[in-house]
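Quick note, the sequences are listed as chains R and G, same order. Sequential numbering from 0 applies to the first sequence in numbering that gives the first Met the number 0. Sequential numbering from 0 applies to the second sequence in numbering that gives the first Met the number 0.
If you're looking for bench data, these hints aren't it; they were derived computationally from the structure. Treat the hints with care, as some may be off.
Note that the list lumps identical chains together, so a pair holds whenever it fits in one copy or between two copies.
DSSO-like mimics (lysine-lysine), calculated; alpha carbons at most 30 Å apart, straight line [what the hints assert, rightly or not]:
1. Lys108 - Lys475
2. Lys166 - Lys90
3. Lys392 - Lys196
4. Lys157 - Lys298
5. Lys157 - Lys104
6. Lys289 - Lys157
7. Lys468 - Lys364
8. Lys60 - Lys298
Protein chains: 2
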Amino acid sequence: MAVTRQVTYSEISPSEFFYRNRDLAGFSNPARALYTSVRELVENSLDACEQFSILPDVSCKIEAGPEDNKAGDQLAYTITIKDNGPGIEPKHVPNAFGRVFYGSKYKLKQSRGMFGMGGTMAILYAQITTNKPVQIASCFDGKTLHIFDMLIDITENKPIILRHETKQSEGTTGTSVRLTLMGDYLRSAQKIADYFKQTAVVTPYANITLIEPDGKETKYERATEITPPPPQETDPHPHGIDVEALRRMIKATNEQTLLKFMTKNFHRVGEKTGEKFLSFAGFGRNANPKSLSNEDVVKFVNALHQFEEFLPPDGSCLSPLGEEIMSAGIMKELQPEFVSMSIRPPSAYSGFPFIVEVGIAYGGKLLQPGMRLMRFANRIPLLYDEANDVAFKIINEEIDWKRYRIPQDAPIAIITHVCSTKVPYKTVGKEYLADRPELEKELKNATRDILRKLSTFLSRKGSMEFQKKRLNIYGKYLPLIAKFATSLSGQKKLPEYRKLLKREEVVRIEEGEEQPSEAAVDVEVETAKDSMSSKVNEKEDAQQRLEEFSKGS
Amino acid sequence: MAVTRQVTYSEISPSEFFYRNRDLAGFSNPARALYTSVRELVENSLDACEQFSILPDVSCKIEAGPEDNKAGDQLAYTITIKDNGPGIEPKHVPNAFGRVFYGSKYKLKQSRGMFGMGGTMAILYAQITTNKPVQIASCFDGKTLHIFDMLIDITENKPIILRHETKQSEGTTGTSVRLTLMGDYLRSAQKIADYFKQTAVVTPYANITLIEPDGKETKYERATEITPPPPQETDPHPHGIDVEALRRMIKATNEQTLLKFMTKNFHRVGEKTGEKFLSFAGFGRNANPKSLSNEDVVKFVNALHQFEEFLPPDGSCLSPLGEEIMSAGIMKELQPEFVSMSIRPPSAYSGFPFIVEVGIAYGGKLLQPGMRLMRFANRIPLLYDEANDVAFKIINEEIDWKRYRIPQDAPIAIITHVCSTKVPYKTVGKEYLADRPELEKELKNATRDILRKLSTFLSRKGSMEFQKKRLNIYGKYLPLIAKFATSLSGQKKLPEYRKLLKREEVVRIEEGEEQPSEAAVDVEVETAKDSMSSKVNEKEDAQQRLEEFSKGS
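Same shape as in the complex, but just chain R (with noise of 0.2 Å):
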């Protein structure tokens, strides 16, 4: 007979279940939960502001301090990040900013913010290193302003308020997020830094400051006033629905037939396509969706899945860069000397509708030999984990770099944005893309695009190079072999060589006049190629015209 052996079960909440795993969000150490904390805070305020089209002013302040809290490398920091957003509505501050899995990002919809934890993260970061309270102060009526100290209950998941007090406010809306935790700023300052002029690029219709534990005071001033239309919300795609989300449309509907039912819940589906799947998958247009047996909404499920004349996702809900966004940043920041940019049509994977957006920039003065890859998702700069993301395996691992004669030590900047109703972030700390298949493809196609026009940038530079050389020695020899042959024939008139040349530049080069300015070289050496024949360009030919000339002569 067995012994019985006791194992005790227990249930933990999901507050409780990041504190105990907050790696997984990305607080893994001192240096990163400061970085991570000031991230999700700042994602928020700007989502705040875009859902409205307001246009965003942010503020982040680092404060080391309180003086008393020190531990090892790590000190107290506090961090206040205000914002001139909606505001939020009063009853909401406590369980939007005390409780895990609370929040207003649970939509299909392009936002920032994707799991709906990082702020609450912040604050219990704060909490379990240092025990203060969070001050949330919001404005949402543009009358009042509430004021919340708060803390979390995390075996419990939720807000304990500590104070609750109202000011009148200034007449705008907003929000400010104040807290203390324990960090490494010396860590830290680098990626922060990095992280604020990243968002600056992709964010210019934003005024952004931060202020340094020092005083430092870094402003991000607003370029244009124009901001991006807002992301729409919108329904789910028939290739991305599972057996429990049809299941939750059935339950939710109120349409009395298939056919109604699919028009109305499904992204793209008209009546046509929705009769021509119907036909398709052995269903009624009348039946009614409520009367459907759990088999028959696998076989939907399943159908639904198989049909292949749905429409793609459209991208109307989306909201990329854009080249003008995307080109004006990457000159601002890197001043390359040549730009490019690939926008990739609207794809999808599971139904979620993305697209990918990809620039390059060459040379300048302030990129560094080699390649340097800079990620974008949703806007938010990705700066860790680099060598786990998708875009990173499809540039050193799935590209040919060798088909596009790209030297190894050229100086390249790749920057790549991803936007999607749903970004497959591969953590909840947001640092790095799953590699989907379709994602994967988008990016691949993007990458080669902006490869090959390098590739032709440089090649015709690389040839102009090359023929300036060959012009400089056939311009410096020439005259020479001129001379000599009119010698050796006993004339006494220097044959026409210049028309041969058909180069006053060359000749110009010839008489030791100054060099053009670079830029001006490349536009004047395309000249002189235009003009060249082919032909001119191979040696036999050349040789030939010589013997020719000489004959001639």
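Given the coordinates of chain R, assemble chain G onto it according to the supplied hints.
The following block gives chain G in isolation, referenced to the frame of chain R:
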């Protein structure tokens, strides 16, 4: 006056969160989902057995079907995992399998499971792809088998029991889980096979059977009856305590003095260390723990982190593989020419003890040229996302391979095992470990150690081969030179050059005898090397001897 702008907030359940973000738990596509489901259930079985030192008998059967389920590359597969573990108390079965964040793994204890949600996620994934209930049959008391058919209410995060029946059991305890999910077996078959193979390497005390959809049965037979000691639950180490943890400990304690509180609740804190710490931190040994203010708690925690005289966590609660199991596994699986192991003493990160074990295998017939990395954590083979793992980083970026003069294409396998009460996984999918500095250090030291050993082996092997070559030449020409010198000097009797060689073996080689077998060669050349003075190896010495020989004879 600003306009109010409505934002809707909602709360989602933990099931809902992971349903929406199943990528986070390793369910990112049909191939990976199938693989992850299998391993999560197998790992639950092994954990359950080992907890009570039961010699595990685990079988996994993967069947295609039911036939009617098919969508694109996906097909329905039915997985049945069966073990002879302790069984699960019937009252816990529904929640243990049907509720996220409910489990037996929320303890400071080494186990394969870490997040307490793998089994539930597999069931959830099965449900949302095939709508079929999971069937769990478990016998806990050796008498009655409880059979449950269940679904998960994802919105509410709770089990829906469709059927609960009891049967008389066959007198043994154990659990079986049977679920049907849409998967892509073609694309996961190799990983699943690798998973079982590698699991067998580190679990030689288990019988493991894999039955694939085509009926192929692979049995990994038990090779030893010795189970590793079951991992022990442990108190938290002072360095890993945060404010929240301390607050909970204070709330739970019945101790009246801080000193007793410390010695009872902290890992390896005795009276002496406790007293030293309390005086360092500025607290009285007899103060009541419950009298600590909020500020005191923070001060106490910061002091815990700063005090350097705490003993490091011991590894007694851990269950490493050990040299014997590890090298047996390596020899069996890889059949290398050379194997070596480095087992580090216990270390700790954030108060969690861990042990690093690294093995190296070189040569033999199975290893391909180049370096192969095999990673394990708490006896789990980690097969995905290798490039993200701390071990990959150490081996490829932090180790100066040149120092060890190991050829780039040498056939090498490096096997790393990290065991800990909390493995620092970077994702819930448990595929790779975070680069915690403490872990990096131990991995680096262990890797250097094994590389040194391999380097010694190779240089010895290399110099042996070099000497063997020299001896061959020596043995070949010396008789000729002897003859020549003898003839030159007009003498008839050959000098005793054999004495000079002192090498029966060399003579054998000279006389065209067969070379001894490879393994033997090493030993014999070893002798050769020992008996020849090192001077003989020097070119000029050899030259000099030859001259002396000619003169003297």
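Legend entry - Enumerated hints in conflict with the structure, sorted upward: 1
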